[in-house]
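Protein chains in written order, with our numbering: chain H, 1 to 392; chain G, 1 to 315; chain V, 1 to 313.
Just so you know, the hints here were simulated from the structure itself, not pulled from any lab data.
Hints are supplied without guarantee of correctness; some may be wrong.
To be verified - What follows is a set of in silico ranges between Cβ atoms, one per label pair, in the way DEER data are often shown:
(1) V:82 - G:312: 53 to 61 angstroms
(2) G:309 - H:308: 52 to 60 angstroms
(3) H:288 - V:75: 21 to 29 angstroms
As the list claims (entries may be wrong) - Not everything, but these chain V residues come out facing chain G in the computed CB check (under 8 angstroms):
(4) 58
(5) 79
(6) 81
(7) 130
(8) 147
(9) 249
(10) 286
Keep in mind that this is a model prediction, so the values were computed, not measured.
Every residue gets a Cβ at the ideal spot worked out from N, C-alpha and C, and that includes glycine.
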Amino acid sequence: MPQTAARRALRAAAVIASTAVASVFAVTPGLAADPIRIGSVVSATGPASFLGDPEQKTLKLYVEALNKKGGLMGRPVELVLYDDGGDANKARTFATRLVEDDKVVAMVGGTTTGTTMAMIPVFEDAKIPFVSLAGAIEIVEPVRAFVFKTPHTDKTACQKIFEDMKSRGITKVGMISGTDGFGKSMRAQCMKVVGDYGITVAAEESYGPTDADMTPQLNKIKNTAGLQAVLNPGFGQGPAIVTRNYAQLGITLPLYQSHGVASKSFIELAGPAAEGVRLPAPALLIADKLAENDPQKKVVMEYKKSYESATGQPVSTFGGYGFDGIQILVQAIERAKSTEPRKIRDAIESTKGYVGATGLYTMSPKDHLGLGTESFRMLEIKGGDWVPTETK
Amino acid sequence: MLKRVLSSRLAVLVLLAAIIAVVPVLAPSSFYLRVAALVWIFALAALGLTILTGYAGQVSLGHAGFLGIGAYAVAVGPAKLGLDPLLSLLLGAVLCGLVAYAVGRPILRLKGYYLAIATLGFGLIVALVLTSESAVTGGPDGMQVPRMVLFGWRVSGVSTWYWITGGALLVGALLALNIQASPSGRALRALHDSEVAAAGVGVDVAKKKLAAFVLSAVFAGVAGSLLALMNGFITPDAAGFMHSIELVAMVIIGGLGSVVGAVVGAAFLVVLPQALTVLQEYEQAVLGLLIMVFMILLPAGIVPSLRRLLLERAA
Amino acid sequence: MSIVDARHKAGHDEAEGAAPGKVMAEFLQLVFSGLTVGAVYALVALGFTLVYNASDVINFAQGDFVMIGGMGTVFLMAAGLALPVAAFIAILAAVLVGLLLHRLAIEPARGASPVSLIMITIGASIFIKGVAQLVFDKQFHSLPAFSGTTPIAIGGATLLPQSFWVIGGMLVLVLGLWVFLERTLIGKAVLATAANRLAAKLVGINVTVVLALAFGLSAAIGAVGGILVTPITLTRYDVGTLFALKGFAAAMVGGMGNPIGAVVGGLLIGLLEAFGAGYLSSTYKDAVAFVAILVVLLLMPQGLFGRRAVERV
Chain H
1 MPQTAARRAL RAAAVIASTA VASVFAVTPG LAADPIRIGS VVSATGPASF
51 LGDPEQKTLK LYVEALNKKG GLMGRPVELV LYDDGGDANK ARTFATRLVE
101 DDKVVAMVGG TTTGTTMAMI PVFEDAKIPF VSLAGAIEIV EPVRAFVFKT
151 PHTDKTACQK IFEDMKSRGI TKVGMISGTD GFGKSMRAQC MKVVGDYGIT
201 VAAEESYGPT DADMTPQLNK IKNTAGLQAV LNPGFGQGPA IVTRNYAQLG
251 ITLPLYQSHG VASKSFIELA GPAAEGVRLP APALLIADKL AENDPQKKVV
301 MEYKKSYESA TGQPVSTFGG YGFDGIQILV QAIERAKSTE PRKIRDAIES
351 TKGYVGATGL YTMSPKDHLG LGTESFRMLE IKGGDWVPTE TK
Chain G
1 MLKRVLSSRL AVLVLLAAII AVVPVLAPSS FYLRVAALVW IFALAALGLT
51 ILTGYAGQVS LGHAGFLGIG AYAVAVGPAK LGLDPLLSLL LGAVLCGLVA
101 YAVGRPILRL KGYYLAIATL GFGLIVALVL TSESAVTGGP DGMQVPRMVL
151 FGWRVSGVST WYWITGGALL VGALLALNIQ ASPSGRALRA LHDSEVAAAG
201 VGVDVAKKKL AAFVLSAVFA GVAGSLLALM NGFITPDAAG FMHSIELVAM
251 VIIGGLGSVV GAVVGAAFLV VLPQALTVLQ EYEQAVLGLL IMVFMILLPA
301 GIVPSLRRLL LERAA
Chain V
1 MSIVDARHKA GHDEAEGAAP GKVMAEFLQL VFSGLTVGAV YALVALGFTL
51 VYNASDVINF AQGDFVMIGG MGTVFLMAAG LALPVAAFIA ILAAVLVGLL
101 LHRLAIEPAR GASPVSLIMI TIGASIFIKG VAQLVFDKQF HSLPAFSGTT
151 PIAIGGATLL PQSFWVIGGM LVLVLGLWVF LERTLIGKAV LATAANRLAA
201 KLVGINVTVV LALAFGLSAA IGAVGGILVT PITLTRYDVG TLFALKGFAA
251 AMVGGMGNPI GAVVGGLLIG LLEAFGAGYL SSTYKDAVAF VAILVVLLLM
301 PQGLFGRRAV ERV
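Sequences and hints are given; from them, build the entire structure.
Right, here's the structure in full:
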């Protein structure tokens, strides 16, 4: 009977699956040469995988390359990596696992502000350094002894955008933001600083993280009289759809996107509608256009080449955050000449003039980010490519 | 007859208590205690669904909404209203009950899949409110939950929470078992088999359904409060659609209507992802595959199917 | 932003005195937006309906067929195939997945309760997403619009040519399905099975084949929807969850088991979302849609077109 055959096959599959799980479990501990264990929890799947996926790939590639070069202080580095799926509760569990079970010496990860905030108490209690890859300023303000981060804050992105608007004489704008963590946080920061530039937000709309059509919202913005530009804080597919709908509705006002779209895939997704869109982004996106004497040129070209050849995908701002996170950590371990978490922490805090993919970092006991506004460059999309609007 | 029922209820409780007592002895690190505590918390929420779905035969695809209400009660209460966390937990449970009453009254008239979509809508709206009203809830990035202080003692630490959640599960299990054996429980199960027949023998169908819905909401709310207090941080995805599905999945995989089944189902879905991390990017595919294989081989759920198998062997 | 704020703002806009033409144009714009998105919901709901009628099962992997159609076409085109060829192969792939799902997961569990079967389809949905992120990737992708991206102006509103493809494609599929069910022998067997499984068996209909057919057809319909809409809404390995959720809601509001109900339900939800976002609050537009669904169900507990008694879960 085919019926019973199918059943038997399934039962066999179940047995194989469970023994596979069991055997893999049995082999994990006890690797040779006493590796240095670095932990990571990222949102490689789920709604924030647009951010977490490039971070995960970058971390893996970096550690692979590091071990090929002989590791760190003559010891191999083992990256213990977990995927929290964007779930703060899961992230917290994995953080506990890294500390209690995997005994990592430091951690790079935390894709979203929510997962990062959920994990912070675990690392603070265990006194293990945690370099976060999430955006919000609350992560490092107030300063927590063991928590650092590499991404730009939303506030600096807002300031960069409003500076550019001001220089173009724009005073009245519309805003359409995503209701995901990234969009809401950046919207809040922008609303805080917008007044400093003499700009008013005269129309405001939002869209959900999985929305597929934003013409209703944009139509309302279109019908608001007197607007001179529109700003769209958001990440993922949302901004690409906003940009297309914007063109469909025939809105001709300048459109500003955020660093949340900063990957070549945005231009591909938004298509010709992306022409003329402006956004603040790190040097990484215009690696090949940087001047030869630009301090970041060498770093970003190397990262870009290795990432793009290994994954076949364009580099993004978010992968860059991961690159800087692990690099700052590895350099700190080298400087500390120790894998003692407290000494690593002290070394991270003394990071000075580190040249990364995102910008130049100089940390201090008061500043656990150490990145200035100058790390952002204002770009415009022209002919399907990024073009810097200012010469540095 | 009565003696047998009582002894089996006692047996379930003793079994649960024994497991709760033994895990800390076997756990190599406090990470395992945390995972176990999560199992107890989600099992508590699943027990609510055991009453609603297993006993009364009503489906809810929005119970994470109540989990979210309970969780945010202990976050918002102390942080914004200056309430004591323990009082907030109780108020959260009451709030869940009231919301369930208000929502349940109209929608419990719907049947089967229609009730499923109505509860799904409820859960979605709760998640949307928690995400959108940033001024109160902190928005999608979530908010801190103040530590609970009991008589001057700051409740923290994994092992403390392990015992609190384990105790809560035992109390929940006791409640669920008593309901199952009570006249109300029999009325509920009559409902499960046939509403018309139940009404025919004098069961107030609407009232019983509503009672089961309110009770299940309180279970989920308390579980949510415990989760938020233990983590010290909460995000709106606790109330998300995927978590509602997860709660239902726990009850079905463990075995519909079985108290032990709810615990086994919760353990399945909390522990398995931790065990599957070694598979890296294959994790999701294997998790889906395992759910399918278990449901095909044990279609009545793990606990009832195994019980049947054992009985067949014995016979 | 609360609903009250948004209402206040909307009122404010009107107070500023838009010309009647402008009001009409805005209305039309919302209708276009709602119909385009709603057409895809309708196709997913149609898939739910087909499988439900043949088996009483809600197939939660239905949304993932939409993803397979879209992602499959994207990757086959990237491999150098022309759009029609890539689309055709992607549809075949979705059908194959649908048939395998039936053969390897639903058929072996025959006799299990509907809840258990639904759980199997949820497991299948997780499995398909898990495999898709390995076979494809985790990035968003788009397809080129079939006939350009020059917006068409109608009554002051604008519409992309692709929207015609989506709405037209939906209508053609619905018509084709109707002809198939009403005019062919095997289609009639599907209908007979839906009406009464035991009676269908007695008159010699192979119920297993009918069920396989329902799974295959629903997969094809989902995949076509995915291919048509990807140029507008983009796609990723996990878009299926959203489509399953909205499609399920559409099928229920229309009345589970009724194909016309599925189509009307899908378009209705699309329109509700668009009007909710346009006239009330963009933050709470999903809530607006669901509250409306609740109202419909409370007034008509079997949905708009539902007649059959629904099996209890």
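So, going through the hints one by one against the coordinates:
no.	hint	in the structure
1	V:82 - G:312: 53 to 61 angstroms	58 angstroms, holds
2	G:309 - H:308: 52 to 60 angstroms	54 angstroms, holds
3	H:288 - V:75: 21 to 29 angstroms	27 angstroms, holds
4	58	6 angstroms, holds
5	79	22 angstroms, violated
6	81	26 angstroms, violated
7	130	3 angstroms, holds
8	147	36 angstroms, violated
9	249	6 angstroms, holds
10	286	6 angstroms, holds
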